[in-house]
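When you get a sec, could you build the whole thing from the sequences and use the hints?
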Amino acid sequence: MTRFLFAGGVGFVTDAVVFFGFVYGFGGSIIAARVLASLVAMTVTWILNRSMTFADGRMQNRTAEYGKYLIASFVGMGANLVVLNEASKIDANFYHVPAYLLGAIAGLVVNYALYDRMVFNGHRSLG
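Residue numbers for the sequence shown, in the numbering used here: 1 to 127.
Hints were generated in silico from the structure; no laboratory data involved.
Please read all numbers here as calculations on a predicted model, not as lab measurements.
Among these hints, one or two may not hold up.
What follows is a set of in silico ranges between Cβ atoms, one per label pair, in the way DEER data are often shown [to be verified]:
1. 122 / 29: 34 to 42 Å
2. 36 / 71: 14 to 22 Å
3. 117 / 39: 35 to 43 Å
4. 5 / 97: 15 to 23 Å
5. 1 / 77: 16 to 24 Å
6. 97 / 61: 26 to 34 Å
Cβ atoms here follow ideal geometry from the backbone N, Cα and C, with glycine treated the same way.
Written out as C-alpha coordinates, the structure reads:
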(Lines of atoms letter the chains of each structure in order from A and count residues from 1; the text may use other names and numbers.)
(Lines give C-alpha, C1' and ligand atoms only; values in the text may rest on other atoms or scores of the structure.)
Protein backbone atom coordinates (compact mmCIF):
# COMPACT_ATOMS: atom_id res chain seq x y z
CA MET A 1 0.00 0.00 0.00
CA THR A 2 2.95 2.35 0.63
CA ARG A 3 4.01 2.12 -3.00
CA PHE A 4 0.45 2.77 -4.15
CA LEU A 5 0.24 5.86 -1.93
CA PHE A 6 3.63 7.04 -3.19
CA ALA A 7 2.49 6.70 -6.81
CA GLY A 8 -0.69 8.58 -5.93
CA GLY A 9 1.30 11.35 -4.28
CA VAL A 10 3.49 11.73 -7.35
CA GLY A 11 0.34 11.73 -9.48
CA PHE A 12 -1.22 14.44 -7.30
CA VAL A 13 1.83 16.70 -7.65
CA THR A 14 2.00 16.00 -11.40
CA ASP A 15 -1.68 16.86 -11.73
CA ALA A 16 -1.25 20.16 -9.89
CA VAL A 17 1.85 21.19 -11.86
CA VAL A 18 0.24 20.45 -15.23
CA PHE A 19 -3.10 22.01 -14.27
CA PHE A 20 -1.73 25.28 -12.91
CA GLY A 21 1.08 25.43 -15.46
CA PHE A 22 -1.39 25.13 -18.31
CA VAL A 23 -3.80 27.70 -16.85
CA TYR A 24 -1.30 30.29 -15.64
CA GLY A 25 1.72 29.55 -17.82
CA PHE A 26 -0.09 29.11 -21.13
CA GLY A 27 -3.42 30.84 -20.48
CA GLY A 28 -5.41 27.66 -21.05
CA SER A 29 -8.95 27.13 -19.88
CA ILE A 30 -9.55 25.32 -16.59
CA ILE A 31 -11.62 22.63 -18.34
CA ALA A 32 -8.87 21.88 -20.84
CA ALA A 33 -6.35 22.00 -18.00
CA ARG A 34 -8.43 19.54 -15.93
CA VAL A 35 -8.59 17.05 -18.80
CA LEU A 36 -4.91 17.40 -19.72
CA ALA A 37 -3.70 17.24 -16.11
CA SER A 38 -5.85 14.19 -15.37
CA LEU A 39 -4.55 12.28 -18.38
CA VAL A 40 -0.92 13.15 -17.62
CA ALA A 41 -1.31 12.21 -13.94
CA MET A 42 -3.06 8.95 -14.84
CA THR A 43 -0.21 8.07 -17.19
CA VAL A 44 2.41 8.85 -14.55
CA THR A 45 0.62 6.75 -11.92
CA TRP A 46 0.16 3.90 -14.41
CA ILE A 47 3.92 3.83 -15.04
CA LEU A 48 4.70 3.91 -11.32
CA ASN A 49 2.03 1.40 -10.31
CA ARG A 50 3.04 -0.90 -13.16
CA SER A 51 6.67 -0.88 -12.16
CA MET A 52 6.43 -0.68 -8.36
CA THR A 53 3.05 -1.47 -6.82
CA PHE A 54 1.69 -4.20 -9.08
CA ALA A 55 4.85 -5.40 -10.85
CA ASP A 56 3.94 -9.07 -10.41
CA GLY A 57 0.55 -8.64 -12.10
CA ARG A 58 1.50 -6.72 -15.24
CA MET A 59 -0.08 -7.65 -18.55
CA GLN A 60 2.07 -8.49 -21.55
CA ASN A 61 0.01 -6.15 -23.73
CA ARG A 62 0.84 -2.67 -22.41
CA THR A 63 -1.75 -0.96 -24.60
CA ALA A 64 -4.57 -3.11 -23.26
CA GLU A 65 -3.28 -2.63 -19.73
CA TYR A 66 -3.12 1.14 -20.15
CA GLY A 67 -6.66 1.18 -21.54
CA LYS A 68 -7.94 -0.81 -18.58
CA TYR A 69 -6.03 1.50 -16.24
CA LEU A 70 -7.67 4.58 -17.73
CA ILE A 71 -11.13 3.02 -17.45
CA ALA A 72 -10.49 2.07 -13.82
CA SER A 73 -9.12 5.57 -13.13
CA PHE A 74 -12.22 7.22 -14.56
CA VAL A 75 -14.44 4.99 -12.40
CA GLY A 76 -12.37 6.05 -9.37
CA MET A 77 -12.70 9.67 -10.46
CA GLY A 78 -16.47 9.17 -10.58
CA ALA A 79 -16.50 7.83 -7.02
CA ASN A 80 -14.39 10.78 -5.94
CA LEU A 81 -16.76 13.27 -7.56
CA VAL A 82 -19.93 11.66 -6.14
CA VAL A 83 -18.58 11.69 -2.60
CA LEU A 84 -17.12 15.18 -3.03
CA ASN A 85 -20.44 16.50 -4.30
CA GLU A 86 -22.51 14.95 -1.51
CA ALA A 87 -20.12 15.88 1.30
CA SER A 88 -19.76 19.44 0.00
CA LYS A 89 -23.45 20.00 0.77
CA ILE A 90 -22.72 19.95 4.49
CA ASP A 91 -19.14 21.14 4.96
CA ALA A 92 -19.10 24.70 3.59
CA ASN A 93 -18.01 26.04 6.98
CA PHE A 94 -14.78 24.07 6.56
CA TYR A 95 -13.98 25.37 3.04
CA HIS A 96 -14.89 21.95 1.60
CA VAL A 97 -11.67 20.42 2.87
CA PRO A 98 -13.54 17.44 4.43
CA ALA A 99 -15.41 16.88 1.15
CA TYR A 100 -12.17 17.04 -0.80
CA LEU A 101 -10.51 14.52 1.51
CA LEU A 102 -13.50 12.15 1.62
CA GLY A 103 -13.69 12.23 -2.18
CA ALA A 104 -9.97 11.50 -2.46
CA ILE A 105 -10.33 8.56 -0.06
CA ALA A 106 -13.28 7.16 -2.02
CA GLY A 107 -11.31 7.43 -5.26
CA LEU A 108 -8.25 5.83 -3.67
CA VAL A 109 -10.24 2.82 -2.42
CA VAL A 110 -12.03 2.29 -5.73
CA ASN A 111 -8.84 2.75 -7.76
CA TYR A 112 -6.82 0.31 -5.66
CA ALA A 113 -9.53 -2.35 -5.87
CA LEU A 114 -9.96 -1.95 -9.63
CA TYR A 115 -6.24 -1.79 -10.36
CA ASP A 116 -5.66 -4.91 -8.29
CA ARG A 117 -8.59 -6.91 -9.68
CA MET A 118 -9.09 -5.60 -13.21
CA VAL A 119 -5.82 -4.14 -14.45
CA PHE A 120 -2.84 -5.77 -12.79
CA ASN A 121 -4.21 -9.24 -12.18
CA GLY A 122 -1.76 -10.91 -14.58
CA HIS A 123 -1.99 -14.65 -14.34
CA ARG A 124 -2.58 -14.82 -10.62
CA SER A 125 -5.76 -16.04 -9.03
CA LEU A 126 -8.38 -13.46 -8.15
CA GLY A 127 -9.34 -15.43 -5.05
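Consistency of the hints with the structure:
{"no.": "1", "hint": "122 / 29: 34 to 42 Å", "in the structure": "40 Å, holds"}
{"no.": "2", "hint": "36 / 71: 14 to 22 Å", "in the structure": "19 Å, holds"}
{"no.": "3", "hint": "117 / 39: 35 to 43 Å", "in the structure": "23 Å, violated"}
{"no.": "4", "hint": "5 / 97: 15 to 23 Å", "in the structure": "19 Å, holds"}
{"no.": "5", "hint": "1 / 77: 16 to 24 Å", "in the structure": "20 Å, holds"}
{"no.": "6", "hint": "97 / 61: 26 to 34 Å", "in the structure": "41 Å, violated"}
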